[in-house]
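Residue numbers (our numbering), protein chains in the order written: chain A, 25 to 138; chain B, 7 to 118.
Treat each hint with caution, since some may be false.
[To be verified] Residues from chain B shown here face chain A by an in silico Cβ test under 8 Å; the list is partial: (1) S36; (2) D37; (3) K48; (4) G49; (5) I53; (6) G102.
[What the hints assert, rightly or not] Here are the simulated lysine-lysine pairs, DSS-like style, with alpha carbons at most 25 Å apart: (7) B/K48 - A/K33; (8) A/K107 - A/K94; (9) B/K48 - B/K105; (10) B/K48 - A/K95; (11) A/K81 - A/K94; (12) A/K94 - B/K105; (13) A/K95 - B/K105; (14) B/K62 - B/K105.
[As the list claims (entries may be wrong)] Stretches of chain A that chain B covers, calculated by requiring three or more beta carbons in the stretch to come under 8 Å of a beta carbon on chain B: (15) 37-46; (16) 67-81; (17) 88-102.
In short, the hints are calculated from the structure, not lab data.
Using N, Cα and C, we set each Cβ at its ideal position, and we do this for glycine too.
Listed below are the residues making up each chain.
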Amino acid sequence: DGGITQSPKYLFRKEGQNVTLSCEQNLNHDAMYWYRQDPGQGLRLIYYSQIVNDFQKGDIAEGYSVSREKKESFPLTVTSAQKNPTAFYLCASLRPGQGARGYTFGSGTRLTVV
Amino acid sequence: GESVGLHLPTLSVQEGDNSIINCAYSNSASDYFIWYKQESGKGPQFIIDIRSNMDKRQGQRVTVLLNKTVKHLSLQIAATQPGDSAVYFCAETVLGDYKLSFGAGTTVTVRA
């Protein structure tokens, strides 16, 4: 079955450490996205990539970095510059030609700073 | 004037009753809206969508209503079941665009 796989499901980070969240898709989608979800808030866009080797900042990119070396993979690094990294992180990909209706979300990674 | 349903962060519903979840959207230019369901520890799943040239759309046990005058969206779930317990989000965008703006979400709890 095609889909998006995020790993790990739970991640604990010490303050001052960088951590990388994995997102892999086998849907052959060009566009991929990273969202952050906090309790009581809607999803907020961190970074997105519409094609390999290209990506753009979303609304809350500070303290995060991404790479898009392969179509299937869009890892997100939460750096020590992110002051409040504890959140639920969702990766998504977008089927071309369907606009926003074509979103497929992963199951998320819950990051906790300890 | 017409009353607009308030967005509530939580909603408790008796099994078998109908649920109404409200959402106020912010961008007058938005012309495409989606409702998502998110179960605990999972990503959002598409439920139903509606374009701005419609004011009502029905799916299986779900109905979305759109009031463009007051920028309000609602999701009605008929005969709510325990499996409907989840967080429900509305999202808005311009048709053909990729970027979604999400509402804060409503947590629906179904009582047996």
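Structure-based check of each hint:
{"no.": "1", "hint": "S36", "in the structure": "violated, 10 Å"}
{"no.": "2", "hint": "D37", "in the structure": "violated, 11 Å"}
{"no.": "3", "hint": "K48", "in the structure": "holds, 5 Å"}
{"no.": "4", "hint": "G49", "in the structure": "holds, 3 Å"}
{"no.": "5", "hint": "I53", "in the structure": "violated, 12 Å"}
{"no.": "6", "hint": "G102", "in the structure": "holds, 5 Å"}
{"no.": "7", "hint": "B/K48 - A/K33", "in the structure": "holds, 10 Å"}
{"no.": "8", "hint": "A/K107 - A/K94", "in the structure": "violated, 29 Å"}
{"no.": "9", "hint": "B/K48 - B/K105", "in the structure": "holds, 21 Å"}
{"no.": "10", "hint": "B/K48 - A/K95", "in the structure": "holds, 23 Å"}
{"no.": "11", "hint": "A/K81 - A/K94", "in the structure": "holds, 18 Å"}
{"no.": "12", "hint": "A/K94 - B/K105", "in the structure": "holds, 22 Å"}
{"no.": "13", "hint": "A/K95 - B/K105", "in the structure": "holds, 19 Å"}
{"no.": "14", "hint": "B/K62 - B/K105", "in the structure": "holds, 23 Å"}
{"no.": "15", "hint": "37-46", "in the structure": "violated (count 0)"}
{"no.": "16", "hint": "67-81", "in the structure": "holds (count 5)"}
{"no.": "17", "hint": "88-102", "in the structure": "violated (count 0)"}
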